[in-house]
Amino acid sequence: MEQKEKTIFSEQPVCDKDMTKTYQGYSCKGVSKEGKAFNFIVHHTYMGVNVTEKLAGELVENGRTELLLFSQPGGQHDFGRLVLKDDSVEVEMDKHYLKGRCPVCGGRVIHTSKGYFCENYREGDNNSCQFHALGVLAYRQITEDNIEDFLSGKAEILDGFRSDDNIPFSGYLVLNSKKMLSVNSRICRCPRCGGMLQVGPTSFRCENFNDPEHPCKTRYYRYYGGVRINRKMMEELSRYGHTVEPLILTREDGRRYPACLAFNDLKTRILTLEQR
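The numbers in the working numbering rise by one with no breaks, and the one at position 175 of the sequence shown is 1289.
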C-alpha cells in the first residue's frame, strides 16, 4: 500500500512551501525564494540519528539542531549537529574553537587532542595553513588561556618549562618561521650593556651575565611589593626607566599603596616610587 504524504510544516523558512513527511524523509518541492526549482529533503536518519518531526522542525526553523550523538563507520561516536547549508542538510561535527583568530590566515583555532590547530591546517599539505601549537612545550602543558592570550597579542610570561637537561626556564609564546608556537625567554634590551634581558623562574638576567670577557651582572627580581613584573612592565622599564601606570603594591604589614617601579641611577636595581 502506497504511503501517503503528511504535511508537517506549513510555509517553512527554507522555501515558503509546505513540508511533507514521506518514505524518504521530510521534503518540499517547488521554487525557491530566488526563483530556482529545487527538491529539499531532510532524511529520516543521519549517521545513526533518527530525525523526528520535532528535530526536523528545529532544523528548518533555526538552521541547526541541538547537539546530537552520531555514529562513525568505525564504531566511534562523536557529537555534532544537523545544519542547513546551501539548502541542503549536512552533519557538522562539534569542535571546540578558541577565542581569537589564526595569526597566519585568520581562520578559527581548534583545540584537539594533540594541541591547537588552525581549522585550515592539513597535515602534510604545505599549501595549507601550517599554524599550530603542541599541547605540551618543553615538558609544560599549554592551556587554552595561554593560547588565547597569544592570539589576542598579549602573550604573557609562563613558568614551568624545562630543557632536555631538566633545567627550568621561563618564557612566552612566539610564532616561529615554521608557523608553530615556540618559547622565547628574551624580553627586552638590558639597560646597562645593550644585551638582551632573559626571564627566568625568579628574575630577569642579562644574557651576558656569564660572559667571560665582558660580563654584565644585571639582574632584577620578578616580584616587587607583591606584584609580579610582566612583559609590558619590563619593556616600559627598559624604554623609559619606569613603569607608565602606577601599580597597587603591598607593604610588609599588608597595607596597600600606589607606586611606580623605576630603576635607580645606576640601573642596577628596581625601586618603588610612591605617589605623593
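Hints listed in this document are in silico derivations from the structure and should not be mistaken for laboratory results.
For clarity, every value in this text was computed on a predicted model and none was experimentally measured.
Heads up, the beta-carbon is just placed ideally off N, CA and C, and yes, glycines get one too.
Some hints here could point you the wrong way.
Unchecked claim - Beta-carbon label-pair distances, calculated as ranges:
| id | residue 1 | residue 2 | range |
| --- | --- | --- | --- |
| 1 | 1296 | 1188 | 32 to 40 Å |
| 2 | 1294 | 1327 | 34 to 42 Å |
| 3 | 1155 | 1192 | 40 to 48 Å |
| 4 | 1387 | 1281 | 29 to 37 Å |
| 5 | 1200 | 1364 | 29 to 37 Å |
| 6 | 1294 | 1199 | 30 to 38 Å |
| 7 | 1181 | 1292 | 31 to 39 Å |
Here is how each hint holds up against the structure:
| no. | hint | in the structure |
| --- | --- | --- |
| 1 | 1296 / 1188: 32 to 40 Å | holds, 35 Å |
| 2 | 1294 / 1327: 34 to 42 Å | holds, 35 Å |
| 3 | 1155 / 1192: 40 to 48 Å | violated, 24 Å |
| 4 | 1387 / 1281: 29 to 37 Å | holds, 35 Å |
| 5 | 1200 / 1364: 29 to 37 Å | violated, 59 Å |
| 6 | 1294 / 1199: 30 to 38 Å | holds, 32 Å |
| 7 | 1181 / 1292: 31 to 39 Å | holds, 35 Å |
Of the numbered hints listed earlier, those contradicted by the structure are 3 and 5.
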